[in-house]
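Please model the entire structure based on the sequences and the hints provided.
Top to bottom, those sequences are chains F and U. Using the UniProt record's numbering, read the first sequence as starting at 1 and increasing by one per residue. Using the UniProt record's numbering, read the second sequence as starting at 1 and increasing by one per residue.
Think of the hints as simulated: they come from the structure by calculation, not from any bench. The structure displayed is predicted, hence computed values, not measured ones. Some clues are possibly wrong.
For chains that are exact copies, the list does not tell them apart, and a pair is met inside one copy or across any two.
To be verified - Calculated cross-link-like contacts (lysine to any residue; reagent style SDA-like; alpha-carbon spacing at most 25 Å):
{"id": "1", "residue 1": "Lys279", "residue 2": "Leu179"}
{"id": "2", "residue 1": "Lys363", "residue 2": "Pro40"}
{"id": "3", "residue 1": "Lys218", "residue 2": "Gly86"}
{"id": "4", "residue 1": "Lys218", "residue 2": "Glu111"}
{"id": "5", "residue 1": "Lys60", "residue 2": "Glu111"}
{"id": "6", "residue 1": "Lys60", "residue 2": "Asp268"}
{"id": "7", "residue 1": "Lys218", "residue 2": "Val115"}
{"id": "8", "residue 1": "Lys218", "residue 2": "Glu335"}
{"id": "9", "residue 1": "Lys218", "residue 2": "Asp116"}
{"id": "10", "residue 1": "Lys218", "residue 2": "Arg107"}
{"id": "11", "residue 1": "Lys218", "residue 2": "Gln84"}
{"id": "12", "residue 1": "Lys218", "residue 2": "Gly334"}
{"id": "13", "residue 1": "Lys368", "residue 2": "Glu41"}
{"id": "14", "residue 1": "Lys218", "residue 2": "Asp87"}
{"id": "15", "residue 1": "Lys368", "residue 2": "Pro40"}
{"id": "16", "residue 1": "Lys218", "residue 2": "Cys102"}
{"id": "17", "residue 1": "Lys363", "residue 2": "Asp39"}
{"id": "18", "residue 1": "Lys218", "residue 2": "Phe42"}
{"id": "19", "residue 1": "Lys368", "residue 2": "Asp39"}
{"id": "20", "residue 1": "Lys218", "residue 2": "Leu96"}
{"id": "21", "residue 1": "Lys218", "residue 2": "Glu310"}
Each chain, letter by letter, is given below.
There are 2 protein chains.
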Amino acid sequence: MTMSPDRIIPTRHLFGPGPCNPYAEATAALGLPLIGHLDPEFIARMDRTNEGLRVLWGTKNARTLPLSATGSAGMEAAFVNTVQSGDVAVIAVNGLFGERMCEVASRAGAEVVRVDHEWGTPVDAERVAAAHPNPTVIAAVHAETSTGVLSDIAALGAIKGDALLITDAVTSIGGMPILADEWGIDVGYAGTQKCLGVAPGLAPFTISDRAFERRVPKPQSWYLDLGLLGGYANGAPGGQRAYHHTAPVGMVASLEAGINRILAEGLDAVTERHRSAGKALQDGLQEMGLELFAAEGYRLPQLTTVMVPEGVDSAAVRGYLLENFNIEIGAGAGEFTSTVWRIGLMGPNANPASVALLLGALKEAIAKA
Amino acid sequence: MTMSPDRIIPTRHLFGPGPCNPYAEATAALGLPLIGHLDPEFIARMDRTNEGLRVLWGTKNARTLPLSATGSAGMEAAFVNTVQSGDVAVIAVNGLFGERMCEVASRAGAEVVRVDHEWGTPVDAERVAAAHPNPTVIAAVHAETSTGVLSDIAALGAIKGDALLITDAVTSIGGMPILADEWGIDVGYAGTQKCLGVAPGLAPFTISDRAFERRVPKPQSWYLDLGLLGGYANGAPGGQRAYHHTAPVGMVASLEAGINRILAEGLDAVTERHRSAGKALQDGLQEMGLELFAAEGYRLPQLTTVMVPEGVDSAAVRGYLLENFNIEIGAGAGEFTSTVWRIGLMGPNANPASVALLLGALKEAIAKA
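Structure follows, in structure tokens:
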């Protein structure tokens with residue numbers, strides 16, 4: 001067996017749907033000494049990290065923490081803690097991650113009422129609210145990674161009734177405002193590898209007191225049981241931390257550094273940076289004669305979906321970009337694999353240089369690939 | 001809110017039950033450029049990592065991979081993929097992690113038949129095999145992190161009959177031989193933060209063809225569904241990788257580097273290094289007049305359990321070590337919280353300098369704390 005430790009590692013421009021290139025601060029934190037998961041210094045770090053996450057989520061929820069797995073596990077945690085056999089989950093489906101919610105909720109035992117939307121369009125809050133008279137949960141994706149579409153979560157929150165509102169914020173957190181408390185989000189989950197600018201591996205999570213009180217008493221997942229995780233992250237009522245599992249201490253340090261980086265720049269400035277980079281990219285693509293996929297008015301700046309031109313080989317262009325420019329962009333999701341590209345400008349990549357590089361390289365790739 | 005990025009980060013000697021200090025190579029890998037999870041370079045890295053894991057597991061199992069969460073999620077994956085309502089799980093309990101297996105198996109719907117052992121003693125294979133005539137799975141912990149005890153998994157494998165054998169190798173992998181195929185292990189899970197010398201965050205996992213064929217067709221966990229994860233890690237039958245979730249690409253790079261580091265030294269040499277450091281520590285503790293907790297003949301070299309002397313405040317000693325020497329050791333588990341210390345010399349910490357440091361510092365701490 002050969003396992004050479006000295007192979008060349010390419011320096012990619014990660015302009016796909018994630019991971020993006022991390023903020024330098026988030027990477028640097030991974031090189032600092034590891035601290036044990038029960039060390040007072042780590043507990044203080046977890047507290048600071050959770051406090052930073054509260055700012056990004058726009059919440060005062062005590063139970064706000066990074067779960068020890070990737071964003072998809074955050075989705076699973078949201079459902080296994082809120083629904084069980086006999087409960088009704090109304091799920092807005094306008095892309096791959098809404099589809100996935102149906103699968104995950106169904107495995108948690110819920111009766112799933114799915115409300116389908118054309119891919120590329122936003123969630124219609126009225127239709128979702130009308131789908132069932134008395135659901136246990138209503139769920140929707142804020143920023144659909146598969147289609148590049150933004151949906152109005154506040155509109156859903158306003159008409160959710162007694163249901164708990166679950167929101168996927170994987171691609172929005174850290175790149176655009178989220179106001180969980182104001183919008184009425186009861187359970188939110190996200191990932192670290194998009195606009196937070198941190199490597200994948202954690203799922204920032206928040207749950208309201210209201211949702212926590214109604215939680216499934218003994219979820220089918222021990223690992224994602226929020227009743228046990230409360231003691232792990234925030235201390236039991238007496239203030240004592242309870243051992244649940246070994247926290248991924250290095251990744252938490254990196255997340256803290258990424259959050260610090262974002263807050264140092266300021267949430268408004270970070271939002272504006274993502275907005276203006278996305279706008280410049282979308283304008284540039286249209287000037288090249290390309291057609292955007294997501295419905296106008298609902299386009300995510302941090303993740304642009306664009307139609308592959310007639311007669312162009314989608315995979316060949318992506319290969320050309322990777323080989324010649326070290327640029328990664330994403331294929332489309334689901335049935336749009338070969339007809340849509342997904343271009344992310346997230347975290348540190350949301351800047352004018354990335355836009356110029358991508359537009360120049362893509363033009364050449366389409367011509368020559 | 002103050003989130004200072006420039007606070008001092010202590011350089012700890014992580015001599016507790018894990019995480020240990022990582023190998024320098026594993027840390028350095030985290031500073032290198034991130035690669036996308038669908039990048040051909042990352043797929044090649046995942047293949048190399050899985051090949052290295054096969055060496056450490058002592059297996060030819062095609063389905064050998066790092067799950068994208070910590071070791072406890074590995075335990076959950078082992079059970080949710082092998083047992084469901086009505087299945088019988090015979091579980092050997094000789095410490096905290098055997099206890100946890102019962103809880104996790106029960107949440108997966110299994111009828112749990114627990115075979116209790118006195119903490120500090122090894123698993124009695126004959127008793128376990130006699131506990132039920134026809135169990136679906138038999139499960140045991142190879143190296144009990146809570147008690148510092150090694151159990152003979154090969155003895156269980158020899159008499160498992162038709163049952164699948166699940167083994168927790170969290171604290172053994174990378175520090176002592178595991179021969180999964182020879183011993184008859186059908187499903188094994190581990191963690192990265194012990195003898196592998198990598199930060200916590202992944203669960204090295206292996207499952208035999210026999211176990212995979214019998215797997216639960218649609219496990220309650222989507223995130224840990226091995227039927228879906230097969231495509232993610234090893235390619236579908238046609239060789240195509242399927243997107244399941246975003247792999248924690250940075251952590252996988254670090255794991256690959258840690259495995260390379262271990263294989264470069266050689267498994268025999270690494271085993272001997274852990275053995276001799278553990279022996280020197282245990283000899284030294286006994287020379288100080290301390291009494292070891294784990295039964296003689298079954299003591300893990302990489303994780304030593306020692307009785308707190310009469311009249312000594314366990315927590316005060318641990319605090320003294322942390323404050324004065326930057327040394328972390330662990331409290332006991334379960335009912336032994338204040339009567340046992342757990343001292344790990346794992347990964348790069350398994351060396352004579354760590355032994356000398358720990359013994360000198362502990363002597364002072366006991367005298368002065």
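For each hint, the structure was consulted:
no.: 1; hint: Lys279 with Leu179; result: within (23 Å within a copy, 56 Å between copies)
no.: 2; hint: Lys363 with Pro40; result: between (53 Å within a copy, 23 Å between copies)
no.: 3; hint: Lys218 with Gly86; result: both (15 Å within a copy, 19 Å between copies)
no.: 4; hint: Lys218 with Glu111; result: both (19 Å within a copy, 16 Å between copies)
no.: 5; hint: Lys60 with Glu111; result: neither (31 Å within a copy, 41 Å between copies)
no.: 6; hint: Lys60 with Asp268; result: within (19 Å within a copy, 53 Å between copies)
no.: 7; hint: Lys218 with Val115; result: between (29 Å within a copy, 24 Å between copies)
no.: 8; hint: Lys218 with Glu335; result: between (38 Å within a copy, 24 Å between copies)
no.: 9; hint: Lys218 with Asp116; result: between (31 Å within a copy, 24 Å between copies)
no.: 10; hint: Lys218 with Arg107; result: both (15 Å within a copy, 8 Å between copies)
no.: 11; hint: Lys218 with Gln84; result: both (10 Å within a copy, 16 Å between copies)
no.: 12; hint: Lys218 with Gly334; result: between (34 Å within a copy, 21 Å between copies)
no.: 13; hint: Lys368 with Glu41; result: between (54 Å within a copy, 23 Å between copies)
no.: 14; hint: Lys218 with Asp87; result: both (15 Å within a copy, 19 Å between copies)
no.: 15; hint: Lys368 with Pro40; result: between (57 Å within a copy, 21 Å between copies)
no.: 16; hint: Lys218 with Cys102; result: both (21 Å within a copy, 14 Å between copies)
no.: 17; hint: Lys363 with Asp39; result: between (52 Å within a copy, 21 Å between copies)
no.: 18; hint: Lys218 with Phe42; result: neither (28 Å within a copy, 37 Å between copies)
no.: 19; hint: Lys368 with Asp39; result: between (56 Å within a copy, 21 Å between copies)
no.: 20; hint: Lys218 with Leu96; result: between (29 Å within a copy, 19 Å between copies)
no.: 21; hint: Lys218 with Glu310; result: neither (53 Å within a copy, 40 Å between copies)
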